[in-house]
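Counting along the sequence shown from 1, when you hit position 66 you're at 68 in this note's numbering, and nothing is skipped either side.
Don't take every hint at face value.
[Said to hold, decoys possible] Computed Cβ-Cβ distance ranges for the label pairs, DEER-style:
1) R91 - E146: 20 to 30 Å
2) R164 - D135: 19 to 29 Å
3) E88 - T12: 28 to 38 Å
4) S39 - R132: 17 to 27 Å
5) R179 - M3: 27 to 37 Å
6) S39 - S159: 22 to 32 Å
7) L5 - S78: 19 to 29 Å
Everything labelled a hint here was simulated from the structure, so no lab data went into it.
Don't be surprised by glycine CBs; every beta carbon is placed ideally from N, CA and C.
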Amino acid sequence: MRLIHEHFGTLRGAVRLGLSYAEVIGGIAATRHPVPSQVKRLVFVCHGNICRSAFAEAAARQAGFNAASFGLSTTSDKPAHPPIAEMAREWGLDLHSHRTTAVEDFLPQPGDYLLAMEVRHLRRIAAQPRFADLPRGLLGTYAEFPVPHLHDPYRLSDAYTRVCLARIEHSVAGLCRAFSGARHS
Numbered sequence: 003m004r005l006i007h008e009h010f011g012t013l014r015g016a017v018r019l020g021l022s023y024a025e026v027i028g029g030i031a032a033t034r035h036p037v038p039s040q041v042k043r044l045v046f047v048c049h050g051n052i053c054r055s056a057f058a059e060a061a062a063r064q065a066g067f068n069a070a071s072f073g074l075s076t077t078s079d080k081p082a083h084p085p086i087a088e089m090a091r092e093w094g095l096d097l098h099s100h101r102t103t104a105v106e107d108f109l110p111q112p113g114d115y116l117l118a119m120e121v122r123h124l125r126r127i128a129a130q131p132r133f134a135d136l137p138r139g140l141l142g143t144y145a146e147f148p149v150p151h152l153h154d155p156y157r158l159s160d161a162y163t164r165v166c167l168a169r170i171e172h173s174v175a176g177l178c179r180a181f182s183g184a185r186h187s
């Protein structure tokens, strides 16, 4: 169990990762591939916009890219989760000024590429008419070793949280290589 808790967060996280590989490989994940030259902003999506998407947005911005984030089940104007903000400093990222954006408050723009942390987030995005035509994918698939499910580290062990943030960092780096058109002008 220790291995599962350190590398996948929980047993549920390990199971969801396995299922997400099946959905991605089987072509049933609700992805909508972008035209790389049309991507102008990277938009990270998770549940609460206090951990994963906040970290991903900060990493993309630090790399010089236009980025935003929002949460599917949150209210706007909350800070990042304090333990995540503290760990982010290990990567040289400042999350102390981050404020959540609720899905209903997010304003999509032409050139947005929505990047979810989990397959179930993709399904929720695809079900919303205002996002239905936007390209969307899974952030973790841009890592050198794809991880299509980035399990929420909220209130989980420091060991898993560091693993999750490292996976996000590697995924953002791969994403930035693939979509250089989203770089700040």
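In rising order, the numbers of the hints this structure does not comply with: 2, 3, 6 and 7
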